[in-house]
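Peer 1: As a plain string of letters, each chain reads:
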Amino acid sequence: MAKILDLQAKVRTAEGTSAVKRLRKAGSIPAVIYGKKHSNAKVEVNSKTFTAIIEHSASDNILVNLKIDGEANDALALVQEVQHDYLRGGILHVDFHAVAADEDIHASVPVVLSGIEAAEKKGGKLEFVLHSLEVHCLPKDLPESIALDVSYLNVGEATHVSELTLPEGVSTKLEGDVVVAILKEPLVAEEAPAPAADAKAPAKGKGAPAAKAAAPAAKPAGKK
Amino acid sequence: MAMLPSRVKHRKTHRGSRAGNATVGNKVSYGEFGLQTLERAWIKNTQIEACRVAITRHLKRKGSVYIRIFPHKPVTARPPETRMGKGKGAPEFWVAVVYPGTMLFEVAGVSEALARDACRLAANKLGVRTRFVTRQAMH
Chain A
1 MAKILDLQAK
11 VRTAEGTSAV
21 KRLRKAGSIP
31 AVIYGKKHSN
41 AKVEVNSKTF
51 TAIIEHSASD
61 NILVNLKIDG
71 EANDALALVQ
81 EVQHDYLRGG
91 ILHVDFHAVA
101 ADEDIHASVP
111 VVLSGIEAAE
121 KKGGKLEFVL
131 HSLEVHCLPK
141 DLPESIALDV
151 SYLNVGEATH
161 VSELTLPEGV
171 STKLEGDVVV
181 AILKEPLVAE
191 EAPAPAADAK
201 APAKGKGAPA
211 AKAAAPAAKP
221 AGKK
Chain B
225 MAMLPSRVKH
235 RKTHRGSRAG
245 NATVGNKVSY
255 GEFGLQTLER
265 AWIKNTQIEA
275 CRVAITRHLK
285 RKGSVYIRIF
295 PHKPVTARPP
305 ETRMGKGKGA
315 PEFWVAVVYP
325 GTMLFEVAGV
335 SEALARDACR
345 LAANKLGVRT
355 RFVTRQAMH
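Sequence lines, in order, name chains A and B. Here the numbering used here is used: the first residue of the first sequence is 1, the next is one more, and so on. Here the numbering used here is used: the first residue of the second sequence is 225, the next is one more, and so on.
Keep in mind that the hints were calculated from the coordinates and are not lab data. One thing to keep in mind: the hints can contain errors.
Facing chain A, from chain B, some residues (calculated, C-beta under 7 Å) [stated by the list, open to error]:
| id | residue |
| --- | --- |
| 1 | H282 |
| 2 | K286 |
| 3 | P324 |
| 4 | G325 |
| 5 | G333 |
| 6 | S335 |
Heads up, simulated EDC-like pairs for lysine to aspartate or glutamate below, C-alpha to C-alpha not over 16 Å straight-line [what the hints assert, rightly or not]:
| id | chain 1 | residue 1 | chain 2 | residue 2 |
| --- | --- | --- | --- | --- |
| 7 | B | K251 | A | D6 |
| 8 | A | K3 | A | E55 |
| 9 | B | K286 | A | E120 |
| 10 | A | K37 | A | E103 |
| 11 | B | K284 | A | E185 |
| 12 | B | K286 | A | E127 |
| 13 | A | K42 | A | E71 |
| 14 | B | K286 | A | E117 |
| 15 | B | K349 | B | E273 |
| 16 | A | K37 | A | E71 |
| 17 | B | K251 | A | E81 |
| 18 | A | K36 | A | D85 |
| 19 | B | K286 | A | E103 |
Every residue gets a Cβ at the ideal spot worked out from N, C-alpha and C, and that includes glycine.
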């Protein structure tokens, strides 16, 4: 289950692009908090603290006990969205979704595969299709990740959502036949014997000049 | 064969704007590793094909390669030694417009070292600065 971490936040007065840029330079991350039972508010959190939380968690699904300066009660909130700067790195903005402890939430939980090497020893190549799963559960039941052992897979077989073992109190609305991972037949096995067979055939029948003529012709065919 | 659209509404287009950074197509969405551009450019369909060939050959057809860009834009050119006027030139080639941050290619199902090497070979076919990124580091 996901741990509930304490996080200090301040009410934010800075608004707009340039003000928010100054805020980021000063070491804060602009954020908002919203929810059914919580009024919308602009807040800011410490950049170092929040980045450390993100880096030490298995996913972006983090439950925090948000202590907002000036508010009497702490707000239990799910990190709903983290905007990353995909070019320069770092976090641009965070959305906190205030949730009630007794109400269902939905979140995207990463699927973590194990036994990949054991499966690939059988001769296939594992293709990971569903990297994360949308789940519904109470905040206290929210898993950090969902583990799946794929060592039992044979070449050509796939594992589906129905085969995932979800923790108690966690459900998904995805159909059971959605593929999570598939052990595919490697394409390289078909390629390898083909050039050897081509090279032998002309050498036996027509001799060396014919073999030389065949070689350039084979090259463009190989490119296609 | 190099990629090109099967059907277009207009044969010739304006040059358009290349301002700003990539706001979509900037994450590793399908594979585990990706090649991200750090510059803005027009990438020709032949360059994309050269990159694809470089990656698939280096991976020895293991794993999967995802091409995240498509050359939607036609580029025209005037024949040599022609005087000005007489209308716009004929379409010569197709380009994909990429902005800083655009994910160009993605690779899955191979080790990081192999993917990194394949992406390095692909990056050599392009005239833009790129970097190798992983899914884990981006999220």
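Peer 1: Which of the listed hints are not met by the structure?
Peer 2: Hints 1, 6, 7, 18, 19 are the ones this structure does not satisfy, whereas the remaining hints hold.
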